[in-house]
Structures are given as C-alpha cells and as structure tokens.
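Protein chains in written order, with my numbering: chain A, 1 to 573; chain B, 1 to 320; chain C, 1 to 313.
Simulated from the structure, these hints should not be mistaken for lab results. There may be inaccurate statements among the hints.
[Unchecked claim] Quick list of in silico lysine-lysine cross-link-like pairs, DSBU-like style, CA-CA up to 30 Å: (1) A:175 - A:104; (2) C:241 - A:309; (3) A:374 - C:241; (4) A:176 - A:423; (5) A:374 - A:175; (6) A:213 - A:104; (7) C:241 - A:311; (8) A:104 - A:176; (9) A:392 - C:184; (10) A:96 - A:176; (11) A:338 - C:241; (12) C:184 - A:423; (13) A:344 - A:176; (14) A:374 - A:311; (15) A:104 - A:129; (16) A:344 - C:241.
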Amino acid sequence: MMIAWSATSPTAHHHMRSSLAAIATAALVTACSSKEGSQSAGASGAAGGTMIYAAPADAMDVFPPYVSDLVGHIVQDLVYERLAEIGPDLQTVGDKGFTPLLAKSWTWAPDSLSIAFSLDPRARFHDGKPVTASDVRYSFKAFTDPKAASPSAPLLTNIDSVSVRDSLTPVFWFKKRTPEQFYDVAYQLLVMPEHVFGSIPMEQLHTSEITRKPVGTGRFRLAKWDPGVRIELIADTANYHGRPKLDRLIITPVAPATGATQLLSGQADFMDVFPFSQAGALDSSANARPIVQGQPTYAFMAMNQFDPKSKKTANVVFSDSRVRRALSMSVDRVSMLKNVFGDKGHLAHGPFPMVASYGDSTLRLPPFDTVAAKALLDSAGWRVGAGGIRVKNGRPLRFTLLVPTSSVQRSQYGVLLQDQFRKVGAQADIDKLDPGAMQSRVQSYDFDAVIHAYHPDPSPSGTKQFWSTAGIGPAGQNVLRYSNHTVDALLDSVSASFDPAKMKMYTSRAFQQIIDDAPAIWLYDFVVVSAINRRIVTAPMRTDEWWANLADWSIPADKRIDRDRIGLTPAKP
Amino acid sequence: MRRLLVARVSQSLIVVFIVTTISFFVIRSAPGDPFSYASENVTPAVRDHWRAQFGYDRPLLEQFGRYLASAARGQFGYSFQMREPVSAALAQAVPRTLLLTGLALGLSFMIGLVIGVVQAVRRGGWFDRISSSVLLFLYSLPDFWGALMALLIFAYWWPILPAGNIVDPVLHDYMGPSAALVDRLRHLVLPVLSLTLLTMAGISRYQRAAMLEVLPSDYIRTARAKGLPEREIIWRHALRTALAPMITMLGLLLPALLGGALFIEKVFSWPGMGMLAANAIAARDYDLVTATVIVGSFMVVIGNVVADVLHVAIDPRIRE
Amino acid sequence: MCFMSRSIREFVNNESATAIAIARLVRHRSARWGLAVIAVLVIAAIVGPLLSSYSCIEQLDIAHLNNAPPSWSHPFGTDQYSRDVLTRVLCGARVSLAVATLAVLLSMTLGTAYGLVAGYAGGRLDNAMMRVLDAFLSIPRVLLLIAVLTLWHPVPLAGLIILLGTTGWFGVSRLVRAETLTAKQIDYVAAARALGASDVRILWRHLLPNVISPVIVSATLAVGNVIALEAGLSYLGLGAKEPTASWGSIFFDGIELFAGNWWVALFPGIAIVVTVLAFNVLGDALRDVLDPRQLHLARALPEEVTTKKSLSS
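So here's chain A without its partners, still in its complex pose:
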C-alpha cells in the first residue's frame, strides 16, 4: 500500500496519519477476526467448502472389521481404503471392472489360487508412515481372527492366508478358484495400519477406544467425533491421490423431519434419504434439489412357512401355498405404490432389484384379483366367520406382521396391507419393532410375516445368500428358510458359469420358480430421493454408495457461503 508522503500541509498530514491509522486498525481487525490467515488458500482457491450431511443416525463403529451400520460405513470408506475399487457397473466377476486404489497393479498366479498385489509406493497413512504388505496381512488377521469376532469373517472364508513377499507385495492365497475371489479381497477388505492397532489384543479390538480414532490412507481424516452430535471429516491435503476438492464433511445425526427442514432452509447440504412425503418441495426449493435413484434393494412381505415358536412344525396359516397365493392376489400393489411413493415409486418385479444387471421385468407375478383370492381361500378351507375374519378348524386366519420403525415406507405398507387383508377376511396384527429387536426376531425365525428388504451383493450369485438352501443358517441370509431344489440347481449353474448372458437366463428361470412358490408378496424396489444443496457439484454417484466419489465433489468458488470459507483450520478441541 503506497501512500504518497509528499503532501505536507499539517491538516493533510494529520488526515493521512489518521486514515493510515484507520487503515492499519482495519487491517488488524480483519486479520484478527479471520483466524484462517494463511490457510485461506482453501477458502478462495479451487478446492474448498464444507458439506453438512444430515444423517439418519450417528456412526456406531468406524473400525472396518466391525462396521455394520450406514454412517460407520461412510466414515470407514472415506478414511480407509481398499486395494482396488469396484467399477460403476458393480461387476463382481473376475477383476475386469476394478480400478487400482491402494494396489497399483496385481498379478494372478497361473493356477489362479493366489494373487500378488503391488502396493502403491506413494501411499501413506495419515500419520505419515508408508503402507506396507504387513499392514495388509494385519488387516486380514483383524478381519478373520476368531478372537476378534468380526461379523465380516464369513465373507472371507475362501481366502486361506496372506503372505508378505516384500514390503510392497502382499500375496493372497485362496482355497479354491471362484468367479468372485478377486471381489472378496477387493470389496470386503480395508487396510489398517499395524503400527497403530497391532498392539491391541484381538479380543479387545471391538471395544478399544483407540479404534475410534481411525488412521487410514483415505482422502479424508477423522478430525473430531462428538458422539450423538457430529462427526467432522477433514480433507487429507497430503494424500497421494491428491487432496479432495472439499475441505470438510460434517455428519450430523438428525430426525428425518428435522433433516428435511434443514435441507430446505439451507442449514444442511445433503440428505441421503429425503422423506418421500415432502419430496415435492424439493423441485421448487431455492436451496436444495432432488436426486432420484433406484437402489439395488427390494422390499417384500415374507410369509414364514414354519411355526415361529417351534420353528420346525408347519405354520398354520402360511404353510399352505394356496393361502400365500391368495394373499398375494388380494393386494393392489400398484395403488399401494402410488400411495406411498406418489409418482416416483418403482414396482418390484420379483425377488431381485430391477437396477441389478440380472433384473428381469418379464416374469409372471400373481395378478390383483380379490374375487379369485377369496375363492382360493374358500377352497383352501378358510370360511368367513364372525366379524368378517375367516376361520378353519376353529382357528382364525390371523397372523402377526412385523414392521421396522426405521423405515417409514415399510411402516406405511404395513398399514395398507393390513386393510387389504381385512377386506378378504384375514387379520394382520402389526408389530412395530426397532432395528435391533427386528434383527433378532428375524434371525431367529420368530415371525409369522415380516416386511423385509434384501440388499443383494452386486453379483448374480448374491441371490444364493437369500434364496438357496445353502443360504439357510448363520452363514447365509435366507430368513424364510425357503428351499427349492430346482432353484438351488439353477443358482449353482449361475455360479459355475462365467458367461454373463447364460447367467442371466439361469437367474430368470430361478426367479420365476421362486415367484410361483409365492413365499412372499413382492412390494417395491427401493427408490431413494436424496436432496442436495444446489451449490454443490457432484461426481457421478454410484447407486449403492453415494459417497464413493465424495472426494471429487466440489463447490465452485463463486457459490460459496460462510461455512465454506472456514478453511482448513482444525477445530478447537
């Protein structure tokens, strides 16, 4: 700031001095009140901005072997890394779709029973230490050691061990060759530093305080975790992939209604599941816009063919396939969809999500026909009794329908189904359960009917987990204990085949068989309306994980608001 000192008159000099003082004071004040000072490079540079994510819940675990909840998953994926990243089409067979991440390349042994990964030498953990093969070996141990009791261990049973060829080359040894052996390593395993966590005994891994302060190689670090209030993730500026375009991500758990208001008022920037009922407001909102995506998850009303108490004898109501088919025909799936989702719903077409590569909309489902439904129930021996409820051998056509409190849509479907069943003479008693209780009832097969949802892995063989005989029991997720040997044979053919077109044919036949058995009423595919603030520019979003490319989301400099300009000053402790 050049000031001409040549003016000599006393008043001018005086003016100059006082204006100089004023300017100096102003400069001092601005310098003091903007603490960022030198870090404001982030505030006005190409990278920068703060995104607030209004999350459905707080994170439970962030240490990869134990992560099972959504927000924990998000934090884990941003702070830690995998060896390779799955492609956008979610192809799980072989390694073609995968892109290198922590491993810059990999080599298959000729017999495909081992894969040697070559770690990126630039990779560093957040504390600056380099990533080595023994870290990968340690991570595998943490995931699979029985004393650590990680719920993810069953997914890694095909991997026999990990050896260290040299400091940058871990080698994975497999028990047998499968189409998805690469996917097992790349999708399920995340790499944690041995020098930070290795000293914790395996039994204490789950409850250790140290694991709540993650140290990984991801492009974000966990700066602060205020339980129940917020999680603050900050850009890792020294990351070997380059720093993310955002400065920070703040995750605040709020109730859905509050989150919706915050999105609409601009107080929050992103909500992954915006309440459907208010989604209309997003189209005209100045602050937020909707992102509508189909999800690879489908919801259905499952009917347990076994008795919930004894678990072995037949269910009085549902063991008869005529009853199951009749109930399937008594509900108007299209109207229910319209009631719950308005115009944005996606109808289910069977035991699969349509967005998956093997989705098939040409299969035959039971039609909506209440007359035929009533006739079928009559022929099955259930006659209308007092109060409009059908009775057979003195027993009423009555069952309990479990519904999770965590899903608004499924709760709504419960009420809608209840009334439609009532109209054909069946009485459903709704029992609303919180996620934990629901979990334990369903896993112990203690239910009559439940509105459940399956989220199959991207691969076609993922269906086996849910609908094959092998999927029954703790290793699988076949909560209905549905078993049909034709379906088993067809699904086995899927796994054995390496040709996507043939796989699709087998899966379609398997699905049609399942539909014909009517173990469930197929309700809807998950459609999620997310809401995002209009100033944020996203990278292409993966359907299963919206946060996959979060490091590439940005806020253009001309659209930034107050909270974007904070810069990278770490928060006060």
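Given chain A, work out where chains B and C should sit, using these hints.
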C-alpha cells in the same frame, strides 16, 4: 439445622438405593438383551460371546451384585451402543440438561412468582381474570404440543431461530467468543421458552393460592395497622411467608421438570439426558438407561434436600 | 352398603354434603363450562362413530383419496391412508377417554388405599412406607413408562392402562396420608376406636369419607393429565397400535407430514387441548366447591404438583 440436614441426607441415600434396585430389576428383566441391537451381519455366536463378556448370561441377582460393586467404585457400566463407558456419556449430557432445566426453573420461578403475587393482590381484577385464563390454557397444553408449536412457528414459518441442536454444527468451533456465545443463546431460546411457559403456569397458580392464604392473616393486618407501606408489606413480609412452601414445591417439581425436558429435548434435538435416555432405551443400552434413571432420581433427591433446607431457612414461622 | 344407601337418602332429602356440593358446583360458572364440554365429548365418543358413514379403520381409496384436505364429505379431511379423520377423532375419543378414566380409577384406588394405611398406622410403618413412596416419586414417570413400553414391546391396550394406573398413584397417596393424619384426630374417630371398632371399619366408614374430597379433585385433574400423557407416548410411537385410533396416535401420524396434511395433526391436537382444559377447569371448580381449605399449604401436597399434565410422577 444440622440434625435435619443429616437426617435428610441419610434418608436420601436410602431413597437412591431403592431407586437403583427398582430400575435395575425392571430394566434387566425385560425380554431380550442389549446385543439384539447389533446389525444384520452379527452371528449368534458373536452375540453369545458379547453376552458372556458383559455378564448378561449370569443370574439376575449376581448381575445386581456386580453392578452394585462397580457402582460403588463410580463405574456405571459400559454403553455398548456408544462404545464408551456410561459415565463418559453421562458426563457430557447431564450438564446440558441441567442448563436447560435450571434456566427454565429459574425463569418460571421468577415470572410465576411475580404473576402470582400480582394476581393475589389484585384479586378479581382484569389482570387476575385474563392472566388466569391464559395460564390455565398454557397449563393444559401437553408438553410436546407446546414445543412443537414453538418449533413450527419460530423455526419453520417465521425462521428467526434455529430448528434444533445446541450449537451450530459447523461454524460454532470457528466463531469468536462473542459470536459463539450468541450462537449458544440463540439455540437456547426455544427449548427454554417452551419449558418455561409450561412450568410457569403451574407455579403462578400455586403462588396465587399461597399468597391468598397469607394475605388475610393476623400479622399482615398488624403490619398494615402499624402503617407500613403496602408495597413493603406485600413484597417483603407476605411474600416471605408464602415463599416457603413454594420452595418445597420446587423440590417436588423436579421429577416433572426432568420428564418434561425429555419431550423438549426430543423435539429440539437437544443432546441432554432426556435424549440420551430415549436413544438408549431404543437401543437397549441397559446400563445407560439404568444409570440415567439413577442420576435423574439423584438430582431430584438432592433438589428436595436443598428445598427442605431452604424452607427451614426462610420460613419465619418454622425457624426457632 | 349401608354407607351408600344412607347417603342416597340424605341426597334425596337434599341434606347431605354431597348434594350441597353438587348444587354449588352447578352454580359455579367455569365448572358449568367444563362439565358441558366433557358431556359433549362423552356423548360424541359414544354416539359419534355410530352416526358416521365411514368406519374408524377403513381405507377408502389409497391411490386417490389419501391426504385429502377438509371438504364437505370429509370435514376433517383424510389421512395418508385415505381414512376419514373426523370418524377417527371420534373413535379416538372413545379410546383416549376410556384409557384415561380406567387408569385414573386404578391410581386413585391404589393411592387412597396406600395413603389411608400409612396415615392410620403411623409410626415406623408410616415412615417406611413414605420412604418407599419417596423413591417412587423421584423417578420421572415418563422415563419409566417409555422404558417399560419399549423393552416389553408390544404392550396391549390393557397393559397400557395398568401401566398408567400403577405409575400415577404416588402423589395421591401422599395427599391422602396427610388428610388421614388430620382426620384420625377427629373426636368420633377416637370414640369409635375406644368403642372397639375394627380397623377396617374405621378406615372405610369414618376416615374414607373425610379424605375423599381431595381424591375427587385429584382424579379430575389426573384424567386430563393421563390423556395428555397417552398422547405424548403415542407421539413417541409407543401408544395404541394400528389400526386403533387414539388422539395421540392420529396426531403422531399427522405430525410427520405436517406441511402436507396439517389437518391430521390439528384436529386431534385441538381435541386433546380442549379436553385437558375442560378437566382442569372442572378440577379447579371442584376444589373450590368441595373445600377451599384444601389448599392449606403446610399439610398437603398440592394437587397441581401431583397431577400436573403429563409431567407428574
């Protein structure tokens, strides 16, 4: 006085013990256990492992014994849901609730007192009649209703105040000290306002009745006959006497206040004890729920002891 | 029983305290308002659902008639499942009033019994009973209710009533005990004792009629309280189950989408507030009428505190 204090404190300890026993048995005898609240992928084997690790497979009486032993050491168990010791979780939440209820109590006491006195002095007048009706209406509102209305009006339709939380989730840490204070105050307004309006109605009704009892009494008439100014009579002498039972009532109001705070905290996402308790119950975090009930009762009991002591200190009729 | 038939005779002759009290009540201005509102509510609850052409639970047309705003055919509009809200509010009146009345009946019975026994026995037993009562009083009622309703899920309506009843008697028993302590000094009670009357007889014939007035006032205020409490529990998702309507559960359905269908939350909300107000007004009037001296501070626990809205223990 000292004997009273000792007696009350020892009684309070007995009360807290009874409360601990009741809440422990009620909560632990519920069907299920804390580990139901784990995710889809947790196998029954892992669940059994956790159950054994935390002692939930032992008989109930043995669990109680172990619980008492560790409580005596100041450890109230481990919150499985929050992955931290219960005392750590409470240490953060309790002061927030105390702030809310303390402010609300103080404000409602002051406002309620003044209104009640004015109503009693000008009994039957327009102020008395109108304010009585308004207060009756406020008194009849369910807690969550009042809080929801406040939220709707001031945070949605006329958005001048923040819609929940205790501070701005992003900017608070980066604010200067005065801005941070303003931020905290702004977030306090609606919850405190809701809680105060509801509590103040009851207090002023009671204060009115108390004053009406005292005003006709002999020594007030004597004071008037002596020629003391009316103002002094009312605000110093009558009020002093009427104040004493009010203080007792404050002690009795505490459980009600804590319960009401629970709804307020839920509506405004205020991360205090109430919300902690509600979330803990939903997550079957048994240790945390038990500890919350005990701490809540403990606060009530302390409040009562303080109220009793104050009562004796203030009431000229009781003091020897 | 003898007691009742005698009082009926006295009533007919317009001599009994009860008759006098009722006469005074009817003349009390605000009491008339409260009574009128309650009468309207009860009649509406009983008769209303029968007159309506819709059923309490039927979903009329889920694809087209859901979330319809108030109109001639649906004066209170329809909810998200296309059910008529007016009919549901009327049905809800049945549930809310029934639950509250039964729960309060239970609390008053338990509380009166406990208080009578404690006050009459005196000494160490009284002391011990009061300590236990202190413990119960210090647990916030809402917290206990939430805990039990969640952990023992699902709880049927009968269970809810019992739960509400067994958590609401603490304040009343304190009140009754205080009254009993005074009443037991009255001459004819002492006389009866001296004459060798049994304890039960003394409790039932002599003490109970004396302590009944504050119980009636408490009961009236408590009904309003429990209605609000049940609504609050439903707001948290713990009240009546689908498809049963109670005011709280309708409100809970409506508050989720308040912007989209404000009528679903508004009308049951108004119903709750008006009902609680009416019971409070009636309770106040009863207190004025039955015995203004009830307000004596040093003795009794004020009813406001024991029965205050949904907060009380």
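Q. Hints broken by the structure, by number, lowest first?
A. Of the numbered hints, 4, 5, 9, 12 and 13 do not hold.
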